[in-house]
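Engineer: Sequence:
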Amino acid sequence: MSYRGLRSGVYEGRNLQAPGMLRHGSLPRTDSSGQRSSQSHTLELAEKIAAQEAEIKRLDGENRRLASTQVVLRQELVDAQQEIQEVEALIRSIQTESDLQIRILLDKTANMELDIRSGPNLRTELQQAHAEAQSLVAVIQDLTTKTLIATRELEKANVDTKNLPELLAEHESLKQEQQMLRVTFEQEKSINVKEVKEMEEMEKDLVKMVREAEKLRLDLINVEQRARAPVPHGGGHPYSSQPPQQGIQPYGANHGISNFQTGEGIAGDNILPIGSSDGGAAPGGVNIAAQPMWGRT
Numbered sequence: 010m011s012y013r014g015l016r017s018g019v020y021e022g023r024n025l026q027a028p029g030m031l032r033h034g035s036l037p038r039t040d041s042s043g044q045r046s047s048q049s050h051t052l053e054l055a056e057k058i059a060a061q062e063a064e065i066k067r068l069d070g071e072n073r074r075l076a077s078t079q080v081v082l083r084q085e086l087v088d089a090q091q092e093i094q095e096v097e098a099l100i101r102s103i104q105t106e107s108d109l110q111i112r113i114l115l116d117k118t119a120n121m122e123l124d125i126r127s128g129p130n131l132r133t134e135l136q137q138a139h140a141e142a143q144s145l146v147a148v149i150q151d152l153t154t155k156t157l158i159a160t161r162e163l164e165k166a167n168v169d170t171k172n173l174p175e176l177l178a179e180h181e182s183l184k185q186e187q188q189m190l191r192v193t194f195e196q197e198k199s200i201n202v203k204e205v206k207e208m209e210e211m212e213k214d215l216v217k218m219v220r221e222a223e224k225l226r227l228d229l230i231n232v233e234q235r236a237r238a239p240v241p242h243g244g245g246h247p248y249s250s251q252p253p254q255q256g257i258q259p260y261g262a263n264h265g266i267s268n269f270q271t272g273e274g275i276a277g278d279n280i281l282p283i284g285s286s287d288g289g290a291a292p293g294g295v296n297i298a299a300q301p302m303w304g305r306t
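Once you know that position 270 of the sequence shown is 279 in the working numbering, the rest is easy, because the numbers rise by one and skip nothing.
These are calculated hints, taken from the structure and not from any lab test. Small disclaimer: the values here were computed from a predicted structure and weren't measured. Ideal placement from N, C-alpha and C gives every residue a C-beta, glycine not left out. Certain hints may be false.
Once the Cα atoms are required to be at most 27 angstroms apart in a straight line, the calculated DSS-like pairs of lysine-lysine come out as [claimed, not checked]:
| id | residue 1 | residue 2 |
| --- | --- | --- |
| 1 | K155 | K165 |
| 2 | K155 | K171 |
| 3 | K203 | K66 |
| 4 | K57 | K184 |
| 5 | K198 | K66 |
| 6 | K217 | K206 |
| 7 | K57 | K213 |
| 8 | K171 | K184 |
| 9 | K217 | K57 |
| 10 | K217 | K203 |
| 11 | K57 | K206 |
| 12 | K213 | K203 |
| 13 | K184 | K66 |
| 14 | K213 | K224 |
| 15 | K57 | K203 |
| 16 | K206 | K184 |
| 17 | K213 | K198 |
Ranges of calculated distance between the beta carbons of each label pair, as one might list FRET restraints [to be verified]:
| id | residue 1 | residue 2 | range |
| --- | --- | --- | --- |
| 18 | K117 | P174 | 49 to 57 angstroms |
| 19 | L157 | E134 | 16 to 24 angstroms |
| 20 | E181 | D88 | 18 to 26 angstroms |
| 21 | I230 | I58 | 43 to 51 angstroms |
| 22 | A238 | V205 | 43 to 51 angstroms |
Make a model of the complete structure from these sequences and hints.
Structural biologist: And the structure:
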């Protein structure tokens, strides 16, 4: 958007007249509503960007937490598998050892029975063997309890292992969602930055237009003061002892204001000079162009 285009849209179709001229309407007043709306829109965009950055940081933290949880679960799975193998080897060794001990006890019992039959002196040895057998049974029961506990832990580890794919799938979905949000954030960020730049340019143009309007208002005040100055009865130039030279443009020609005329002036469209009731130009009237020239290309 160019500065000339903005000026053309603001000042096109307005009449600028000197005092004493009759016209409908008044000069527009400049307000800062556009400035305030651009600032509020900029603040909303900044808050939206900050909220999206906080959401991305939160998702990034969850992603890291899930990644660390995944590593821990994989390590626990490896440890559980190793423990399962060790427990299975221990169970096999316990079963083999218990079988050997039972066979040994059976052999001892058979031999003791033979010894008892052979003589009463072996009764004490038999009682001792019996006590050893009972202690071995208690050891076997203890090992069986430990085996059951290890089996339950193994089943629990298997359940955790079955839930691992679901956790991995959830992790992948969160990762994809984070990537999509990051892409959306980058796109919206670029759009918002572009809009902010455009609004800043518009704000600068509005400030320039306000300054130009203030300058034009001061020019109009000067024109009014000059128009109100008394004209000498001799019909000469009101500001100089000599009339203005032909070919020299007076003040205001470059701002879209027509040449000031003394004596018989030609009235423009929608302009009623002082001292005229039918729209004609009166002597000593001041004429200003009906259409301003600011912003025209």
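Engineer: None of the hints should be skipped; say for each whether it holds.
Structural biologist: Hints, verified against the model:
1. K155 with K165: holds (15 angstroms)
2. K155 with K171: holds (24 angstroms)
3. K203 with K66: Within the cut-off at roughly 24 angstroms; holds.
4. K57 with K184: Holds, at roughly 22 angstroms.
5. K198 with K66: holds (16 angstroms)
6. K217 with K206: holds (17 angstroms)
7. K57 with K213: holds (24 angstroms)
8. K171 with K184: holds (21 angstroms)
9. K217 with K57: Distance ~30 angstroms between K217 and K57 Cα, so the pair is violated.
10. K217 with K203: holds (21 angstroms)
11. K57 with K206: Distance of about 17 angstroms is within 27 angstroms: holds.
12. K213 with K203: holds (15 angstroms)
13. K184 with K66: Given that 27 angstroms is the threshold and the Cα spacing comes to 13 angstroms, the pair holds.
14. K213 with K224: holds (16 angstroms)
15. K57 with K203: Measuring from Cα to Cα gives roughly 15 angstroms; hence the hint holds.
16. K206 with K184: Roughly 33 angstroms between the alpha carbons, so the hint for K206 and K184 is violated.
17. K213 with K198: holds (22 angstroms)
18. K117 with P174: 49 to 57 angstroms: holds (54 angstroms)
19. L157 with E134: 16 to 24 angstroms: violated (35 angstroms)
20. E181 with D88: 18 to 26 angstroms: Holds - the Cβ-Cβ distance for E181 and D88, about 24 angstroms, lies within 18 to 26 angstroms.
21. I230 with I58: 43 to 51 angstroms: Since the Cβ atoms of I230 and I58 sit about 46 angstroms apart, the hinted range of 43 to 51 angstroms holds.
22. A238 with V205: 43 to 51 angstroms: Holds - the Cβ-Cβ distance for A238 and V205, about 50 angstroms, lies within 43 to 51 angstroms.
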